[in-house]
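K.L.:
Chains A and B, in that order, are what the protein sequence lines are.
When we follow the working numbering, the leftmost residue of the first sequence carries the number 11, and every step to the right adds one.
When we follow the working numbering, the leftmost residue of the second sequence carries the number 936, and every step to the right adds one.
Hints in this document: simulated from the structure, not taken from any laboratory.
Don't take each hint at face value.
[Claimed, not checked] One-sided and incomplete, this derived list gives chain A residues near chain B with beta-carbon spacing under 8 angstroms: (1) V33; (2) Q34; (3) I38; (4) P39; (5) A42; (6) D86; (7) V88; (8) V89; (9) L92; (10) A93; (11) W100.
[What the hints assert, rightly or not] DSS-like mimics (lysine-lysine), calculated; alpha carbons at most 30 angstroms apart, straight line: (12) B/K1026 with B/K968; (13) A/K97 with B/K1058; (14) B/K939 with A/K97; (15) B/K1010 with B/K939; (16) A/K97 with B/K1026.
[Unchecked claim] Every beta carbon over 10 angstroms from chain B, so not counted as near; a handful from chain A, in silico: (17) Y15; (18) D20; (19) A22; (20) G25; (21) G48; (22) S50; (23) A53; (24) A55; (25) G56; (26) E58; (27) R75; (28) A77; (29) G79; (30) A82; (31) G95; (32) A98.
For glycine and all other residues, C-beta sits at the position ideal for the given N, C-alpha and C.
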Amino acid sequence: MPSYYDLAKDLAGAGNEVTLFLVQNGVIPARAGAKAPGLSALAEAGVEVLADEFSLRERAISANRLASGIRAAPLDVVVDQLADGRKAMWH
Amino acid sequence: MAGKKTLTFAIMDPPYESGRSTTAFRLIDIAVKRGYDVNVFAYEGAVCLPFAKQQAHPNAVHGREAEEENHPLPKDWVAALIKSAATNGGKLDWVNCGLCVDERGVAEAIEGVRRGTPADLWKLAEGSDNTLVIGTR
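Based on the sequences and whatever the hints tell you, model everything.
P.N.:
Written as structure tokens, this is what we have:
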């Protein structure tokens, strides 16, 4: 499991509001059939897990066939959160 | 920080190399269309994005002339973002790291791009509501 999954989970566990925004090839493990249970586990741990709509479309991944706890969202969400002052880390 | 939002993006990828450049352009596009003031600090290969001497080319393999090929040029995307910012009541301040420019011989940038130093990233971040660093791998 990638180290930033742990970071996101720990931050959420410490009471922080955490969003993991998947973009580019990062959306591939968001597919319902992907063997990547870590993302759904993050969602269950309270992390908001979003997948970029454009990146999904580029890869012919249907937004209504994502793994449990993951939902499609526009990239605007990132700009919204930056404008709101949320700390942002690119991984 | 009240009033108009100011965001800073630090980017490092050269043209045509990574989807990160596309994502960075998309983020900047969203921000400037909202009328935000946007700073871009281009470091390392990203200083080549607004290089004025980029040229569209024909594609001999497919037998297409340059016009038919309609080759996308990052300098045109940067120019479009600068124009979009102004149209929407904001400003796009694109700062190219001068050291990186000199190393790569790409001093001829399009209008609206200025030369700076890594210290400018700190200054831009200090004056912003938020900063996103999109690093290379």
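K.L.:
If a hint holds in the structure, say so; if it does not, say that too.
P.N.:
Tested hints:
1. V33: The hint holds - A/V33 has a Cβ within 8 angstroms of chain B, the shortest such distance being about 6 angstroms.
2. Q34: Hint on A/Q34: holds, closest Cβ of chain B at ~4 angstroms, below 8 angstroms.
3. I38: Hint violated; A/I38 Cβ to chain B Cβ min 12 angstroms, cut 8 angstroms.
4. P39: violated, 16 angstroms
5. A42: violated, 23 angstroms
6. D86: It holds, given that the least Cβ distance between A/D86 and chain B is near 5 angstroms, below 8 angstroms.
7. V88: Hint holds; A/V88 Cβ to chain B Cβ min 6 angstroms, cut 8 angstroms.
8. V89: holds, 5 angstroms
9. L92: holds, 4 angstroms
10. A93: This hint holds: A/A93 lies near chain B, its Cβ roughly 5 angstroms from the closest one there, short of 8 angstroms.
11. W100: With a closest approach of 5 angstroms, the A/W100 hint holds.
12. B/K1026 with B/K968: holds, 10 angstroms
13. A/K97 with B/K1058: holds, 18 angstroms
14. B/K939 with A/K97: holds, 19 angstroms
15. B/K1010 with B/K939: holds, 27 angstroms
16. A/K97 with B/K1026: holds, 23 angstroms
17. Y15: holds, 18 angstroms
18. D20: holds, 21 angstroms
19. A22: holds, 20 angstroms
20. G25: At about 21 angstroms from chain B, A/G25 clears the 10 angstroms cut-off, so the statement holds.
21. G48: Fine: 20 angstroms to the nearest Cβ keeps A/G48 off the interface.
22. S50: Consistent with the label, A/S50 stays out of reach of chain B, its closest Cβ about 24 angstroms off (over 10 angstroms).
23. A53: holds, 22 angstroms
24. A55: holds, 24 angstroms
25. G56: holds, 23 angstroms
26. E58: Non-interface label stands for A/E58: nearest chain B Cβ at 18 angstroms, farther than 10 angstroms.
27. R75: holds, 22 angstroms
28. A77: Label holds. Min Cβ-Cβ 22 angstroms, cutoff 10 angstroms.
29. G79: holds, 23 angstroms
30. A82: holds, 15 angstroms
31. G95: violated, 6 angstroms
32. A98: Given a closest Cβ separation of 5 angstroms, the condition is violated.
The structure fails hints 3, 4, 5, 31, 32 (numbered hints given earlier, in ascending order).
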